[in-house]
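Participant: Sequence:
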Amino acid sequence: MSGLLIRALQLLRRLPQGLQFVLVGGAAAATHLVTVALWVALTGMAPLVANVLAFFTSFFVSYAGHACLTFAGSGARGWLAAARYFLVASGSFAANEVLYALALRWLPWHYLASLLAVILLVAAGTFVLAKFWAFRAPRAA
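Note that our numbering has the sequence shown beginning at 4, numbered continuously upward.
None of these hints come from the bench; they were simulated from the model.
All residues carry an ideal CB built from backbone N, CA and C; glycine is no exception.
Any given hint might turn out to be false.
[To be verified] Label-pair restraints from in silico Cβ distances:
#  : residue 1 : residue 2 : range
1  : Gly128    : Val55     : 19 to 27 angstroms
2  : Ala116    : Ala30     : 23 to 31 angstroms
3  : Gly78     : Ala30     : 16 to 24 angstroms
4  : Arg10     : Leu105    : 38 to 46 angstroms
5  : His113    : Gly78     : 40 to 48 angstroms
6  : Ser93     : Gly29     : 18 to 26 angstroms
7  : Ser93     : Ala40     : 19 to 27 angstroms
8  : Leu41     : Gln13     : 27 to 35 angstroms
9  : Trp82     : Leu115    : 37 to 45 angstroms
10 : Val131    : Ala86     : 17 to 25 angstroms
11 : Arg10     : Pro111    : 46 to 54 angstroms
12 : Val43     : Gly94     : 36 to 44 angstroms
13 : Gly6      : Arg108    : 46 to 54 angstroms
My request is simple: use the sequences and hints to build the entire structure.
Facilitator: Below you can see the structure in the form of structure tokens.
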């Protein structure tokens, strides 16, 4: 790694874990958004189909960021942590869709206010599941 990249990672590791989670999530969300836009623009793919492909693409950004930064101190890496985090991320994706649909149907809020509330709720649940299950520190042998 270049010296600049190493220094940037050291600075990021000094941030509070919650802020690290937000930064990694933001990078994954940006990846997701750009991936959907590219699939739709370049291939004419239906946005809902592109959204699923983008989820898989952004998962790698999310997992790598959380494994190497947000939850790096736990020591949980490898296939078990990746599989667990994939289940968490998939569940979060599904929960987001279901809760957003319910909010749009039942709450008298603006659609963006509903989306923001759902995103914050799901992100909180994702953080808890990632920290205490997906990236849980391995037990000593």
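Participant: Does each hint fit the structure? Answer for all of them.
Facilitator: Hints versus structure:
1. Gly128 <-> Val55: 19 to 27 angstroms: Given range 19 to 27 angstroms: holds, Cβ gap about 21 angstroms.
2. Ala116 <-> Ala30: 23 to 31 angstroms: For Ala30 against Ala116, whose Cβ atoms are near 25 angstroms apart, the range 23 to 31 angstroms holds.
3. Gly78 <-> Ala30: 16 to 24 angstroms: With a Cβ separation near 22 angstroms, Gly78 and Ala30 satisfy 16 to 24 angstroms, so the hint holds.
4. Arg10 <-> Leu105: 38 to 46 angstroms: Holds: the Cβ-Cβ distance is about 45 angstroms, inside 38 to 46 angstroms.
5. His113 <-> Gly78: 40 to 48 angstroms: Given range 40 to 48 angstroms: holds, Cβ gap about 43 angstroms.
6. Ser93 <-> Gly29: 18 to 26 angstroms: Between Ser93 and Gly29, where Cβ atoms are some 20 angstroms apart, the hint holds.
7. Ser93 <-> Ala40: 19 to 27 angstroms: 22 angstroms, holds
8. Leu41 <-> Gln13: 27 to 35 angstroms: Between Leu41 and Gln13, where Cβ atoms are some 32 angstroms apart, the hint holds.
9. Trp82 <-> Leu115: 37 to 45 angstroms: 38 angstroms, holds
10. Val131 <-> Ala86: 17 to 25 angstroms: Given about 18 angstroms between the Cβ atoms, the range holds.
11. Arg10 <-> Pro111: 46 to 54 angstroms: The hinted range 46 to 54 angstroms holds for Arg10 and Pro111, with Cβ atoms some 49 angstroms apart.
12. Val43 <-> Gly94: 36 to 44 angstroms: 26 angstroms, violated
13. Gly6 <-> Arg108: 46 to 54 angstroms: 53 angstroms, holds
When held up to the earlier numbered hints, the structure conflicts with hint 12 and nothing else.
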